[in-house]
Amino acid sequence: MSDRQPPVDKTAEDAQKDRRVPPIGTQTAPYQYYESQTRRILRRFMRHRLAVAGGCVVVLMLLMAVLANVIAPHDPLALETERRFIPPLQNKSFVLGTDEMGRDMLSRLFYGGRISLVVGIAAMFATIFTGLIIGLLSGFYGGKVDSVLMRFTDTMLCFPQVFMLLVLAAFITPTVTSIALIIGFTSWMEVARIIRAQIQYIKEQDFVQAAVALGASEFRIMFKELLPNAIAPMLVSATLNVANAVLMESYISFLGYGIQPPLASWGNMLTNAQSYFDLAPWLAILPGVMITLTVMSFNFLGDGLRDALDPRLRM
Amino acid sequence: MTDALLEVRDLVKHFPIRRGLLSRVVGQVHALDGIRLRVFKGQTLGLVGESGCGKTTAGKTILKLIEPTGGTIRYEGTDITHYSRQQMKSLRRRMQIIFQDPFSSLNPRHTVGAIIAAPLEIHGLVPASEKEDRIADLLRKVGLSATAMRRYPHEFSGGQRQRIGIARALAVNPRLIIGDEPVSALDVSIQAQILNLMEDLQDEFNLTYLIIAHDLSVIRHISDVIAVMYLGKNVETAASADLYKKPLHPYTEGLLSAVPVPDPERSRRRMILKGDVPSPIRPPSGCRFHPRCPKRMDVCDQEEPPFKETATGHFVACHLY
Amino acid sequence: MFQFIVKRLLQAIPLLIGVSIIGFGMMHLAPGGPLAVYTLNPTITAQDIERIKQVFGLDQPVYIQYLKWAYGIFTGNWGNTFFGGRPVLHVIMERVPATLLLMGSGMSLAVLIGMLIGILGAVKRYSIFDYLATTGAMVALSFPTFWFGLMTIFVFALKLGWLPSGGMFTLGGDEGVLDLIRHLILPTVVLALVLVAQWSRYTRSSFLEVIHQDYIRTARSKGLSGSRILFRHAFPNAVAPLIALAGVQLPWLFSGALVTETIFGWPGMGRLFVDALTMKEYPVLMGMIIVTAMAVIIGNLLADVVNAIIDPRIRLE
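Chains as they are written, first to last, in my numbering: chain A, 509 to 823; chain B, 51 to 371; chain C, 13 to 329.
Be aware that a few hints might be false.
[Said to hold, decoys possible] Just the calculated beta-carbon pair ranges, DEER-fashion:
hint	chain 1	residue 1	chain 2	residue 2	range
1	C	E106	A	T683	33 to 43 Å
2	A	R557	C	M105	44 to 54 Å
3	A	F593	C	R20	52 to 62 Å
4	A	D786	C	R240	49 to 59 Å
[As the list claims (entries may be wrong)] Under the rule of at most 20 Å between Cα atoms (straight-line distance), these lysine to any residue pairs were calculated in the SDA-like manner:
hint	chain 1	residue 1	chain 2	residue 2
5	C	K171	A	P595
6	B	K139	A	F727
7	A	K732	A	L644
Hints in this document: simulated from the structure, not taken from any laboratory.
These numbers were taken from a predicted model, which means no experiment stands behind them.
Every residue, glycine too, gets a C-beta built ideally from N, C-alpha and C.
One chain only, chain A, in its complex shape (with noise of 0.2 Å):
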């Protein structure tokens, strides 16, 4: 029995509502073009199974940071020369082993970890911070202030990195701070750069000269109009910058410029490591394992989150 029916002789008022066309905006187009942007970045950054799996071991480790204390089975400082130089996976007590003053190791790569991603996320705050203003001023007045903060920018740019840590680490008291803020001064030239660049390309667009035009004062267009459409650049950039964070750390620190014993970051424990090297290497091993990962992790985070936010971008 087919659903066909004859025609049915409509009614005028059925003929006039057939006439009416539905008022404009409350036609809704077919639901596949409705997908909001922030499930189509997810859907993209998705793809990326590096990238995922660089998210999940992020996130692992920064709940190992936070959780050290709950999770780790010895007193990071506590030594006793008796036990020292046990290996790992030969003592239940002590999974990873001891170290040249008996310290668990297990205990130790965790508390390291709080303080090597503590010092690394705050530098990373204080390099998107010093860059974004910079780069911002930078983009949006143009012109001189431009000229000057991008030659003041280069010249930074000519240091070599880890000579400029070592010598201000020298000048300072190596705190979790001050190193923190050491690393962030000298990390955000980049940053500064591609926020700038972002900045020109946005300020071009004609909302910007809606705005002008509506009587936005300087700071509102800098803020409210220009600043959000930067986010996707500056979220890669913090990644990125996470992880160079926590290297530079460890560089500073292997060479003892960085934390200081007894405090235990990843770096420092490497420093002594060359020697002990016949008689224990996972004391190199492991510390170097754990930073390896991390950093990673960052990276490829970063680079899927690039991926995902601007296909553009791709490398």
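Using the hints, position chains B and C against chain A.
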């Protein structure tokens, strides 16, 4: 007659070209070289010309989005040519602009509600409690539903985005709206809708329009007075009907004859303009149109013709008159 | 062309001035001032310090000090070391050859291998090789250089005994070229790791961009062989932007060299820096910071000039 809402006299805008080690100025782009415009309250002035004639620069300079190099701009009799940003702020409520590109004229990161709320917040026009109502009201006025305010620009079509742009311009209750090619980027059927909307709004709010366009059929539909520009100068200005019935300047004739007429019976003589529009960096001597003019005389490459009134309200710059 | 070089030179001058100001500023911001080694020493009386200051000319106003110091830098008088009073310039220059050798080999290795990997990856896009190379590059970028050095020492020197674990020559040996090369291998590889990763990524993307251009398609449709296209048509165009990469990598090259020299006991500038740090030899430190910054500026200048020679579009702008 001094009751013109907007009066522009001898407006000049030159952009410097910089070259070399020390950014020496080697030339100027003559975007505007002394134009004259007058718009009366409730009227629509159409500004027409090909690309590069300076019409967009004119619109932006009048609104002081670009600083003029010379000339005067008078709004309601007040000379605003040298107004600072501070002084302009209160005037910004009186004059607004609608942009050509519906895709770049709205901030992709703001909701439609935020976009329309911006002018309300900048000028403190409504208390916070009434903001949402006012936005809904404006959206309805331009033919969109109030639910649009929670959505983002990318969810709308080109025509709808132009409506949002119009709503934003209306939010401050302006007297003058400059439309910088407001329908050029839209499909033809949508163009008609937007133009009709603009006319309805003009009646409802007693608006004055300065519409910039390159499409003559659009201009004809909506303008009371039409001003034709070429290479930064006025060429002919007349009431809409007069211009179409009796174009005086050869350039206007050429433009009009290029407009397609959907009537196969009608045979027409087309006046085809030869050559390309010259560069505004080094405009031709004398009358700027003379290299392309089919009615050229000897005097045309030596002297610039004055822009004068030949019949009531009909101005032309040509040595033929 | 000449105009271009002059223009770039003029642009480099404010950078040099900026670098010198920052260097000078840092020296004076050091706790204890530039004479920290004396002022922080409790056994030296204030009067002695005053006399020392006069000798070093540090009792004059800051800008005069700066000008004198800048003039000194310009003419090669970089002051003397605190311990031993040797001319700083000599002390630094002694170490330069060793570092240059290390940096040179590191960079060459990185460029060669990096470009090879990058080109192969671009030509065989999306293949297993490409995927491994891209991921591998990311991983390599994440290794702390010093740790990678430690690991290679552990594997190749301690466990396998193939290569020496440090130093530039074998002690008491004949200091021959072969000995040098044996000692050079590990540090070079370690230094080059991060650079290889960057070169492979940039080369790949540059080649990808060039390969998809229409003129390559034209060449292929004319029947030219793949390798001929690659070398005569694609390569020159893809290489131009990569030269800028070499300039950008210079600061990193110095940083990496410092770390590598420390691990391998390589007697270069990096090691000198760390030693000077321990002894608070500020003149040496400042001298080296200025040297490295100037080397970076000059390196970038050279890269720009080479780029302009290769790519006519740049010098005509």
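Verification of the supplied hints:
Roughly 36 Å separates the CB atoms of C:E106 and A:T683, a value that falls within the hinted 33 to 43 Å. Distance hint check for A:R557 and C:M105: the Cβ-Cβ separation is about 51 Å, which falls inside the suggested range of 44 to 54 Å. Between A:F593 and C:R20, the C-beta spacing of about 58 Å keeps the proposed range 52 to 62 Å intact. For A:D786 and C:R240, the hinted distance range of 49 to 59 Å is satisfied, since their beta carbons lie about 55 Å from each other.
Restraint check: the Cα-Cα separation between C:K171 and A:P595 comes to about 18 Å, which is no more than 20 Å; the hinted pair holds. In summary, the hint linking B:K139 to A:F727 is supported, as the alpha carbons are separated by about 14 Å, within the 20 Å threshold. A hinted pair counts as satisfied when its Cα atoms are at most 20 Å apart, and A:K732 with A:L644 qualifies at roughly 12 Å.
In this structure, none of the earlier numbered hints is contradicted; all agree with it.
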